[in-house]
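A.B. asks: Listed below, chain by chain, are the residues.
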Amino acid sequence: MNITQITQAGTLESNDILVTLKPNPEGTIEIHLQSVVLKQFGKQIKAIILSTLQNHGITSCLCECEDKGALDHVIIARVESAIQRQL
Amino acid sequence: MNRSYLFIPASNAGMILSSMVLDADAIIFDLEDGVALNQKISARTLLQHSLDTLDFLDKTLYVRINNASSDFFLEDVICANHPKVHGVVLPKAEIKSLEACLKVLDPSKTILCLIESALGVIQLPQLCQMSSQVKGLLLGGEDLSADCGVERTQAGHEIDYARKSLVMHAKAFKLMAIDTPFVNIEDHQGLREEVKYVASMGYDAKVAINPRQVHVIHEALKVDPLKFKEAKMIVEAFEKHRTQGIGVFNLNGKMIDEPVYLKAKHLIEKEERRTP
Amino acid sequence: MIKNSLNRFVPSHPFLGVHPLPPQTFPILKNNTQTNKLRDNLTDVIKELNLKDGAVISFHHHLRNGDDVLNRVIKEIAQLDIKKITLVASSLFEVHHPLVHYLKDKTVTKIITAYVSGPVAQAISEGLCEEVCVIHSHGYRAHMIASKEIEIDVAFIGVPTSSPLGDGSGSEGPSACGSLGYAVVDAMHAKKVIVLSDHIAEPQHIQIKKEWVDVVVKVDRIGDPQGIVSGTTTITKDPVGLNIARMTLQLMENTGLMKEGFSFQTGAGGISLALAKEVYDWCEHHHIQGNFISGGITGYQVDLLNAHHFKEIKDVQCFDLKAVESMHHNPNHHAISADDYAGPTNEHNVVNQLDIVVLGATEIDLDYNVNVTTGSDGMLMGGSGGHCDTAAGAKFTIIVSKLVSSRLSVVVDKVITVTTPHESIDALVTDRGIAIHPRHQALIQHLKENTKLPIKTMEELYDIAIQLTGKPEPIHFDDRIVALSMYRDGTLLDVIRKVASEDFG
Numbered sequence: 000m001n002i003t004q005i006t007q008a009g010t011l012e013s014n015d016i017l018v019t020l021k022p023n024p025e026g027t028i029e030i031h032l033q034s035v036v037l038k039q040f041g042k043q044i045k046a047i048i049l050s051t052l053q054n055h056g057i058t059s060c061l062c063e064c065e066d067k068g069a070l071d072h073v074i075i076a077r078v079e080s081a082i083q084r085q086l
Numbered sequence: 000m001n002r003s004y005l006f007i008p009a010s011n012a013g014m015i016l017s018s019m020v021l022d023a024d025a026i027i028f029d030l031e032d033g034v035a036l037n038q039k040i041s042a043r044t045l046l047q048h049s050l051d052t053l054d055f056l057d058k059t060l061y062v063r064i065n066n067a068s069s070d071f072f073l074e075d076v077i078c079a080n081h082p083k084v085h086g087v088v089l090p091k092a093e094i095k096s097l098e099a100c101l102k103v104l105d106p107s108k109t110i111l112c113l114i115e116s117a118l119g120v121i122q123l124p125q126l127c128q129m130s131s132q133v134k135g136l137l138l139g140g141e142d143l144s145a146d147c148g149v150e151r152t153q154a155g156h157e158i159d160y161a162r163k164s165l166v167m168h169a170k171a172f173k174l175m176a177i178d179t180p181f182v183n184i185e186d187h188q189g190l191r192e193e194v195k196y197v198a199s200m201g202y203d204a205k206v207a208i209n210p211r212q213v214h215v216i217h218e219a220l221k222v223d224p225l226k227f228k229e230a231k232m233i234v235e236a237f238e239k240h241r242t243q244g245i246g247v248f249n250l251n252g253k254m255i256d257e258p259v260y261l262k263a264k265h266l267i268e269k270e271e272r273r274t275p
Numbered sequence: 000m001i002k003n004s005l006n007r008f009v010p011s012h013p014f015l016g017v018h019p020l021p022p023q024t025f026p027i028l029k030n031n032t033q034t035n036k037l038r039d040n041l042t043d044v045i046k047e048l049n050l051k052d053g054a055v056i057s058f059h060h061h062l063r064n065g066d067d068v069l070n071r072v073i074k075e076i077a078q079l080d081i082k083k084i085t086l087v088a089s090s091l092f093e094v095h096h097p098l099v100h101y102l103k104d105k106t107v108t109k110i111i112t113a114y115v116s117g118p119v120a121q122a123i124s125e126g127l128c129e130e131v132c133v134i135h136s137h138g139y140r141a142h143m144i145a146s147k148e149i150e151i152d153v154a155f156i157g158v159p160t161s162s163p164l165g166d167g168s169g170s171e172g173p174s175a176c177g178s179l180g181y182a183v184v185d186a187m188h189a190k191k192v193i194v195l196s197d198h199i200a201e202p203q204h205i206q207i208k209k210e211w212v213d214v215v216v217k218v219d220r221i222g223d224p225q226g227i228v229s230g231t232t233t234i235t236k237d238p239v240g241l242n243i244a245r246m247t248l249q250l251m252e253n254t255g256l257m258k259e260g261f262s263f264q265t266g267a268g269g270i271s272l273a274l275a276k277e278v279y280d281w282c283e284h285h286h287i288q289g290n291f292i293s294g295g296i297t298g299y300q301v302d303l304l305n306a307h308h309f310k311e312i313k314d315v316q317c318f319d320l321k322a323v324e325s326m327h328h329n330p331n332h333h334a335i336s337a338d339d340y341a342g343p344t345n346e347h348n349v350v351n352q353l354d355i356v357v358l359g360a361t362e363i364d365l366d367y368n369v370n371v372t373t374g375s376d377g378m379l380m381g382g383s384g385g386h387c388d389t390a391a392g393a394k395f396t397i398i399v400s401k402l403v404s405s406r407l408s409v410v411v412d413k414v415i416t417v418t419t420p421h422e423s424i425d426a427l428v429t430d431r432g433i434a435i436h437p438r439h440q441a442l443i444q445h446l447k448e449n450t451k452l453p454i455k456t457m458e459e460l461y462d463i464a465i466q467l468t469g470k471p472e473p474i475h476f477d478d479r480i481v482a483l484s485m486y487r488d489g490t491l492l493d494v495i496r497k498v499a500s501e502d503f504g
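Chains as they are written, first to last, in numbering that gives the first Met the number 0: chain E, 0 to 86; chain B, 0 to 275; chain H, 0 to 504.
There may be inaccurate statements among the hints.
Stated by the list, open to error - Quick list of in silico lysine to any residue cross-link-like pairs, SDA-like style, CA-CA up to 25 Å: (1) E/Lys42 to H/Pro471; (2) H/Lys310 to H/Glu283; (3) H/Lys236 to B/Gln188; (4) H/Lys451 to H/Arg438; (5) H/Lys236 to E/Ile30; (6) H/Lys451 to B/Phe227; (7) H/Lys276 to B/Lys83; (8) H/Lys236 to B/Gly189; (9) H/Lys451 to B/Leu53; (10) E/Lys45 to H/Ser404; (11) H/Lys497 to E/Leu37; (12) H/Lys470 to E/Asp71; (13) H/Lys236 to B/Ile184; (14) B/Lys221 to H/Lys310; (15) H/Lys455 to B/Leu56; (16) B/Lys221 to H/Glu448; (17) E/Lys42 to H/Glu125; (18) B/Lys264 to B/Ala171; (19) B/Lys39 to E/Ile47; (20) E/Lys42 to H/Pro473; (21) B/Lys239 to B/Glu270; (22) B/Lys262 to B/Val222; (23) H/Lys451 to B/Asn209; (24) B/Lys83 to H/Lys451; (25) H/Lys36 to H/Pro173; (26) H/Lys447 to B/Leu56; (27) H/Lys208 to H/Val55; (28) H/Lys455 to B/Asp24.
What the hints assert, rightly or not - Non-contacting residues of chain B with respect to chain H, defined by C-beta distances greater than 10 Å in every case (computed): (29) Asp32; (30) Glu74; (31) Ala154; (32) Gly201; (33) Pro210; (34) Arg211; (35) His214; (36) Val234; (37) Asp256.
Think of the hints as simulated: they come from the structure by calculation, not from any bench.
Source: prediction; values computed, not measured.
In this text, a Cβ means the ideal position worked out from N, Cα and C, and glycines have one as well.
For reference, chain E alone in the conformation it holds in the complex (with noise of 0.2 Å):
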């Protein structure tokens, strides 16, 4: 499915990640990512936010993320949620 509108879900509380889905005319997946653990488990978000788009079949999209600590299935769900706002 491609991303067509910008849609947000999470919060910035601790625990939790503010995941914003925008269209990328670059037509590629990009992933810009701000973390409180960014040298901890940076490389970990990145690759479960890219494989969480990947699963639902996305091909193109920003998404910008503000990670709290939120950990992998907190990371899964808000991905989910932003891609279902899209619908």
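Given the coordinates of chain E, assemble chains B and H onto it according to the supplied hints.
C.D. replies: Leaving out everything else, chains B and H in the frame of chain E:
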């Protein structure tokens, strides 16, 4: 036997993560009034993933699903059918909503009927007998008083009838009676007094809307150690007399017969069954 | 590089285990009986010191984040174009951010301290300080200065109330900050002692003696008393933290050490203060009176004293204004020097008399080594403070912390920096379980049989944490060493390296 039921809004990732280390015996993940309308679906998604991933240790998990007449109801019940979930809290429990719930909820799941409307109160006899899945009754004082168009007060006279009726029905049909939340979070003394008051009329547990209330609730529900000691003495003495063929006797100036014995035994069992 | 007993590589003086230092006392040679010490121009006074490049100067941190003295003095020194200063500051906070500039321009090229946070810590971690810094304990600082292992050329001491001849008090005056415990040692042993005060008067309770003082400079203000409140001195409202405090009290009870006359110290973090409240309620319920409370003091410890749950407070620093007030008015609230508190060669030091100490940690590893010096990101953000001193002295040392906070686990397989060695750590209490050091088998059995406390091994806690967070990437460092983590006997526990700058785009 659970003493406390703590509401955790399912939209709050941090609170879900801490829920299993808080002292409450049971957790009610809230998809209903604790979650804003535009967050309800994302809260359910978060709850679903949290149930799949986290270890909730020995906590009893409930989900307060949305109203049976809402768009969210069906999917909420599907979420509540998760193996880790013990049951649902059914808001605005009335005959119609209970019927709707029973149609889709997994038969292994418990239902706690949240009595928060005038109709719910007068339909108590039916609600208690419609299904063996119904294991408890919760009093929803805030919504109930709103339904009746009256002010909700700390003294609680406006919910008095409902409170007493609920516990009577619970006792008649051997269901749990769980009292309404105490909204004044900082007032621990007030909470303690209310818990003791409702416990004295038979309530088994209390809803907590803030983790700091849990400790207070547990302390207030503790049986007086002297009363516990006395109950043990009564039970021991009665059983000893019974072997000698004596059914009524005097113990320290108090007449002990079967009803007194049974009451003492019940107190001991209840206290020992409590999650410590 | 030499391997120490914790398998860490250090340049010299490797830590080889916890061994008490032989008792030693150091004579105070200072005796300035002059009568014309009072001055009113700081710039002139500093000029007249004739400081040379490479001078060693010292400051205390009792004005905490309200301190004005250090910044002011460094500025004056810089204006005289003096370079390569070694700064022996007992602690450095956010308020000392101007120091970053003076690191860059090489006015200051070495920092020796027990605690550093904020921009200065970050600057050191980024390699802006020319020489290798030293992060030591409060106790060791006292020893280091008194034994002349480090010779202080000039000690600049902010004193809230000073007589014209130099008799000084910390608990009186508009900038009252309470105990001057970390300034006393400097005053006794520095070659030259310059007192800065904004209130010239005869003090009631003398902490700094006039014979140690060379010059008293009247300044308009030495600092902001509101800045004394360090921000960590309120009890936690987090129910998880309150639970941890409750479990900790239960553990303490079961050690058998909480009896009439027990002595106790707790840190200043939110959970530690919740514990102080638990101890208050416990003493009230059991009608037991403890002997003393020690360390950094807040209103919560003052409450314990006021209720007579403890006989005495031995105060080495005040963390809030209630503590300052209490010190001034309550004869049982005593100011103590850093040496009396934790001096490693001081036979009668306070830490050795402690029954229980409760401390925080950034990290604790599978061996029970503790880190309070660097954050989980490898950046300098603290220091030993009194951590390794109290942990070594107390009969039972408990670390309290949430297991996982914002995806970071307090339990790691190896701490990034060792601040306190495992020999001094007895237990860790977290919201997801309690780990007791294996040396306490009897206690572990007792707790499992008689309580419902969730006793686990450190490995089990680690597994629970990793299950939740996933395995973190290791932090990358450059080879360059920017600071040394020093134990209370002067040996080296660990090195702190420059944090690598990496792009995670």
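A.B. asks: So, for every hint listed, does it hold in this structure?
C.D. replies: Hints, one by one, checked against the model:
1. E/Lys42 to H/Pro471: 9 Å, holds
2. H/Lys310 to H/Glu283: 14 Å, holds
3. H/Lys236 to B/Gln188: 18 Å, holds
4. H/Lys451 to H/Arg438: Holds, at roughly 21 Å.
5. H/Lys236 to E/Ile30: 36 Å, violated
6. H/Lys451 to B/Phe227: Within the cut-off at roughly 21 Å; holds.
7. H/Lys276 to B/Lys83: Violated - the C-alpha atoms of B/Lys83 and H/Lys276 are around 37 Å apart, more than 25 Å.
8. H/Lys236 to B/Gly189: 19 Å, holds
9. H/Lys451 to B/Leu53: 22 Å, holds
10. E/Lys45 to H/Ser404: 20 Å, holds
11. H/Lys497 to E/Leu37: 18 Å, holds
12. H/Lys470 to E/Asp71: Cα-Cα ~12 Å, so holds.
13. H/Lys236 to B/Ile184: 12 Å, holds
14. B/Lys221 to H/Lys310: 34 Å, violated
15. H/Lys455 to B/Leu56: 14 Å, holds
16. B/Lys221 to H/Glu448: Judged against 25 Å, a Cα distance of about 23 Å means the pair holds.
17. E/Lys42 to H/Glu125: Cα-Cα ~23 Å, so holds.
18. B/Lys264 to B/Ala171: 19 Å, holds
19. B/Lys39 to E/Ile47: 24 Å, holds
20. E/Lys42 to H/Pro473: Satisfied, since the Cα-Cα distance of roughly 12 Å is no more than 25 Å.
21. B/Lys239 to B/Glu270: 22 Å, holds
22. B/Lys262 to B/Val222: Judged against 25 Å, a Cα distance of about 13 Å means the pair holds.
23. H/Lys451 to B/Asn209: 24 Å, holds
24. B/Lys83 to H/Lys451: 24 Å, holds
25. H/Lys36 to H/Pro173: Given that 25 Å is the threshold and the Cα spacing comes to 22 Å, the pair holds.
26. H/Lys447 to B/Leu56: Measuring from Cα to Cα gives roughly 18 Å; hence the hint holds.
27. H/Lys208 to H/Val55: Given that 25 Å is the threshold and the Cα spacing comes to 22 Å, the pair holds.
28. H/Lys455 to B/Asp24: With a Cα-Cα distance of about 21 Å, the restraint between H/Lys455 and B/Asp24 holds, given a limit of 25 Å.
29. Asp32: 21 Å, holds
30. Glu74: Correct as stated: the minimum Cβ-Cβ distance to chain H is 27 Å, above 10 Å.
31. Ala154: 28 Å, holds
32. Gly201: 28 Å, holds
33. Pro210: 3 Å, violated
34. Arg211: B/Arg211 not clear of chain H: closest Cβ-Cβ about 5 Å, inside 10 Å.
35. His214: With a cut-off of 10 Å, B/His214 comes too close to chain H, as the shortest Cβ separation is near 8 Å.
36. Val234: At roughly 25 Å from the nearest Cβ of chain H, B/Val234 sits farther out than 10 Å, so the non-interface label holds.
37. Asp256: Its Cβ never comes within 10 Å of chain H, the nearest being 37 Å, so this holds.
Checked against the numbered hints above, the structure breaks hints 5, 7, 14, 33, 34 and 35 and satisfies the rest.
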